[in-house]
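A.B. asks: For chain A, the structure is supplied; the task is to place chain B on it using the hints.
Listed in order, the protein sequences are those of chains A and B. Just so we're on the same page, my numbering is the position in the first sequence counted from 1, plus 6. Just so we're on the same page, my numbering is the position in the second sequence counted from 1, plus 10.
The hints are simulated quantities; they were obtained by calculation from the structure and are not laboratory data. In this text, a Cβ means the ideal position worked out from N, Cα and C, and glycines have one as well. Among the hints, erroneous ones may be present.
Stated by the list, open to error - Output of the computed footprint for chain A on chain B, the stretches with three or more beta carbons under 8 Å from beta carbons of chain A:
1) 84–91
2) 98–109
As the list claims (entries may be wrong) - Taking lysine-lysine and the DSBU-like style, the derived pairs with C-alpha atoms no more than 35 Å apart in a straight line are:
3) B:32 with B:75
4) B:75 with A:122
5) A:328 with A:411
6) B:32 with A:122
7) B:234 with B:75
8) B:32 with B:234
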Amino acid sequence: MKTPPLLNARRLVFWSAYLALLVLLPLAVHKGYWLSLLCQIGINTVFALSFNMLLGQTGLLSFGHAVYYGLGAFVTMHALRAINASSLHFPITLVPLVGGAAGLLFGVAFGYVTTKRAGTTFAMISLGIGEMVAASSLMFPSFFGGEGGVSSNRVVGGKGLFGITYGPQIQMYYLIAGWAFLSILAMYALTQTPLGRIANAVRDNPERAEFVGYNPRRVRFLMMMLAGFFAGIAGGLTALNYEIVTAESLSAYTSGLVIMMAFVGGIGVFFGPILGAALITVLQIVVAGATAAWPVYFGLIFLLVVLYAPGGIAGILLEQMKLWRSGELRRLWPSYLLALVPAVILVGAVIFLVEMSYALVNSSQTGSSEVRVLGFGLDAGRALTWIAGAVALAIGVALLRAAAKRIAGDRYVPPLPQGRT
Amino acid sequence: MSAPALRLSGVCKNFGVSQIIKSVDLEIVQGERHAIIGPNGAGKSTLFNLVSARFPVSEGRIELKGEDITGLRPYQINRRGLSRSFQITNIFHNLSVFDNVRCAVLWPLGHRYSFFRRLSGLGDAGDRADEVIDQIGLARRRNQPASVLSYAEQRALEIGITIAGGADVVLLDEPTAGMSRSETEEAVALIRRISAGRTLVMVEHDMSVVFGLADRISVLVYGKILATGAPDAIRQNPAVREAYLGASFAGA
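So here's chain A without its partners, still in its complex pose (with noise of 0.2 Å):
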């Protein structure tokens, strides 16, 4: 067999353009808002990653994935005030370093426990885990400061090289593109080795690959430390670009956080939790600033991905993608636009409703239950608003269903399974 160039064309592209990107999106965006959205958004990337290396690579559910980005971030901070305190010349570039130590070494620690087993089991364990770091940071405020936090100054000493001292945002920017990118790269390139197939292989079947010769749970325990690790990297990223961390970081709500990443944008290929992470990233920001109910948004757009998008966007993506190869998307774009109303309208009925429940239930504090939704004024105590947005609900699933019946009649053969490589 001959071996194969270790980046082909198709790769080359994909990974240059992936890094022209970081390179050049903070140009496209002035405001520091923005900026500070895309920091938190490679943050997220690297935690989404490493959290897909359980669940979407093993076949580990980790409800407490958040234990080893938080543990991560509190070392790093820690390490940071050690820096400032002493006369220490520790690089800050490297400092996230640290932060994957703490995540590798945390991995290695409640790893071993909870690898033992998988499936529920595991998931459970990871469960009980999470819960235990959680209640402990709030025992021990000499390690996790209590409910203030740790804070520190990621502006060390004099000026480093080429002036560089990660003051300005936009440094810390290219900081976290940097540890990202790596740590990105690196993540697939172990898809890419004999230890990330056999994961591959006891996520599908671990009785099989015990009889194949590899003991399950020490896979499962590598995989559990290599996740620590990455986690812990971006738990130091988020350590030095906000220079304070919370018990938030290791909570439980960080922890579903990752796993809603991790499946909206799409556990079963790689770059799926890249889109899932910028998606949530994106909307947590944007949608938390227009509306106080946005949770419920959240747990909506959860809900539908489980449901009718198990692949999540990137599974969607990728069916598209083969309808357009085989040349059929040519024959449904008609249906797909036409779908699109509905869908409008569906989704506008939604807001409604949301924001009407939220107005009515909040009437009692606000001392009204006057509410602006999308520029029409609508008074949530009125009977006849909510039959309005009730019908138009109905309206929206019933043309959407149909809609949706015309994509299938219209597809000549009914998709296949996609097989992971």
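C.D. replies: Okay, now just chain B, sitting in the frame of chain A:
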């Protein structure tokens, strides 16, 4: 004379109060093709599960090429050169045919848990996997996910995974179960090819397959070995005839 490929001495297996395997003594000679037959519920698959450590034995001792393997984990036994297939197809469904087979050759080729080397750069693993895929006749299906294969193809892949690692003792659990006549013939030819130079033990219901392939046969009835011997001796054994009510042997 070399040690037997497998030696079972006084092997028992209890599930709760019921004893499924009752003190089995059995020697499998190196290089032979040995079939284990017996009526339904005799404990044939259980015996396989004990030898391959899928279940722990309750009593007794199992030796592989003279080495005690009682109480070892399945992966440890596999690394000592014993490999098995399953009655119910047991493959990696989301992986391609090629990756299914390649996973089975990684450990024996010494690649272990490596994460510093690229799979595609491991020429030995790729070559060996392709060789096995040719042997089991799935070259056409090489890059397709195992889940889309037909039943007979999945059975062939099951055998491919079992033999790919180069184990010298191979256990096949009902390799032709659920196959049509022509599929069975192909499977028999395949088993004949892959068993060259190895020790083969198989559980099989199809008597024409058993008597066509096996050098020796053991008959297991109610968890006990009733008889072991060459096909002709087994065919004429009155106790075996009685256990099978004679019917199944008429055409064999």
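A.B. asks: Each hint needs a verdict: does it hold in this structure or not?
C.D. replies: To see whether the hints hold, each was checked on the structure:
| no. | hint | verdict |
| --- | --- | --- |
| 1 | 84–91 | holds (count 4) |
| 2 | 98–109 | holds (count 8) |
| 3 | B:32 with B:75 | holds (23 Å) |
| 4 | B:75 with A:122 | holds (31 Å) |
| 5 | A:328 with A:411 | holds (19 Å) |
| 6 | B:32 with A:122 | holds (33 Å) |
| 7 | B:234 with B:75 | holds (23 Å) |
| 8 | B:32 with B:234 | holds (6 Å) |
Against the hints set out earlier in the document, no violation occurs for any number.
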